[in-house]
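**Q** Keeping their order, the protein sequence lines are chains A and B. With the numbering used here, letter number 123 in the first sequence gets 123, and the count goes up by one each step, no holes. With the second sequence counted from 1, adding 1000 to any position gets you the numbering used here.
Some hints here could point you the wrong way.
To be verified - Per the computed footprint, the stretches of chain A lying under chain B, defined by three or more beta-carbons under 8 Å from a beta-carbon of chain B, are:
| # | stretch |
| --- | --- |
| 1 | 35 to 49 |
| 2 | 70 to 80 |
As the list claims (entries may be wrong) - Straight-line Cα separation of at most 30 Å, DSSO-like style, residue types lysine-lysine; simulated pairs:
| # | chain 1 | residue 1 | chain 2 | residue 2 |
| --- | --- | --- | --- | --- |
| 3 | B | 1072 | B | 1060 |
| 4 | A | 81 | B | 1187 |
| 5 | B | 1058 | A | 32 |
| 6 | A | 15 | B | 1058 |
| 7 | A | 15 | B | 1187 |
| 8 | B | 1193 | A | 11 |
| 9 | B | 1193 | A | 50 |
| 10 | B | 1040 | B | 1058 |
| 11 | A | 32 | A | 15 |
| 12 | B | 1060 | A | 58 |
| 13 | A | 81 | B | 1193 |
| 14 | A | 32 | A | 58 |
| 15 | B | 1040 | B | 1120 |
| 16 | A | 107 | A | 81 |
| 17 | B | 1120 | B | 1187 |
| 18 | B | 1072 | A | 58 |
| 19 | A | 38 | A | 58 |
| 20 | B | 1058 | A | 58 |
| 21 | A | 11 | B | 1072 |
| 22 | A | 38 | B | 1058 |
Calculated from the structure, these hints are not laboratory results. Source: prediction; values computed, not measured. For glycine and all other residues, C-beta sits at the position ideal for the given N, C-alpha and C.
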Amino acid sequence: MPTNLVNEVEKRYMKTDLPVVEPGDSVKVRLKIREGNKERVQAYEGVVIKVRGEGINKSVTVRRVFQGVGVERVFLLHSPKVESIQVLRKGMVRRAKLYYLRNLTGKAARIREKVVSTAGSGKGKGSAKAAKE
Amino acid sequence: MTLQGTIGKKAGMTQVFNENGDAVPVTVIELLPLTVAQVKTKENDGYSAIQVAYQEGKEKHLSKAEQGHFKKNGLSLFRHLQEFRIAQSEEASFQVGQLIAPDFLADLARVNVTGRSIGKGFAGRIKRHNFARGPMTHGSKSHRLPGSIGAGTTPGRVFKGLRMAGHMGDEQVTVENLQVVLVDSEKNLLLVKGAVPGKTGSILFIRPRKVIGGKQEQ
Chain A
1 MPTNLVNEVE
11 KRYMKTDLPV
21 VEPGDSVKVR
31 LKIREGNKER
41 VQAYEGVVIK
51 VRGEGINKSV
61 TVRRVFQGVG
71 VERVFLLHSP
81 KVESIQVLRK
91 GMVRRAKLYY
101 LRNLTGKAAR
111 IREKVVSTAG
121 SGKGKGSAKA
131 AKE
Chain B
1001 MTLQGTIGKK
1011 AGMTQVFNEN
1021 GDAVPVTVIE
1031 LLPLTVAQVK
1041 TKENDGYSAI
1051 QVAYQEGKEK
1061 HLSKAEQGHF
1071 KKNGLSLFRH
1081 LQEFRIAQSE
1091 EASFQVGQLI
1101 APDFLADLAR
1111 VNVTGRSIGK
1121 GFAGRIKRHN
1131 FARGPMTHGS
1141 KSHRLPGSIG
1151 AGTTPGRVFK
1161 GLRMAGHMGD
1171 EQVTVENLQV
1181 VLVDSEKNLL
1191 LVKGAVPGKT
1201 GSILFIRPRK
1211 VIGGKQEQ
């Protein structure tokens, strides 16, 4: 049960420039990694299969198949270690949690792209068909 | 003049990030403003102390005697009173009605926090004393029963202090050595790492960590 004070404390540590990330999106996460004294940035690309938590606790699980092995990593979005997260492609999915992707490989594991609706684009196909007839 | 202790209210838990970028679980404590309600002097009361009042209340929350205690000095009404011992030489540095800032917290790395734990009601031995339960199946009926509480004719009684079911929680608990994550004197906030007793809104007593023996450190 977060109180106003807790929210205020969280706000100090939260990022304000995060993009909207939803399940099914393909994202690129740039992660700061410390090796000894050197700091470098590692990029990780994959599909968001889960968005969990609210506020400062919000995290995403990103899945990708790497060398035939499924890899899932959890990123705490507001962590300073996550330098940036970029949405490469919006996905069209009908679930909030895409666990079913774990059982699918290859072509079956593709996700349809969500076309950002502009005026009339959603009906385009249907009306063209109607005009032909 | 500073007191070696202050009062706060638990505002809840969350997590914040430290300089390494790691998430740290913290409890947010709202430090309450303390008003001096009475100065007890050696000659008058036999010992030196100040009585502080906190958390404003309404007339209906207080008894006539308590109301009179505040009205006598023209103070607003408070719900709680607490005493802090001071040195006799400090008696003159406190006045009734004075506000006390918890500035001793600024340079502390670790604190002890005292509060009342969440009441669990009448709890069985499993919850209260971490006993193991009996088998749930295979004909067993002793699922959460206490089992044997002692031998028979000898000794012919149950030993005192045997851990049994009873009231659990709602007692004073002190969590020691909590790391101070942040002190915001402007907003009167204190962030400590880890959990503290009680629910959100419960009253907490914050003191510097007590170092007994060993090396002295700040």
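**Q** Does the structure break any of the earlier hints, and which numbers would those be?
**A** Result: hints 1, 5, 6, 12, 15, 16, 17, 18, 20, 21 and 22 break, sorted rising.
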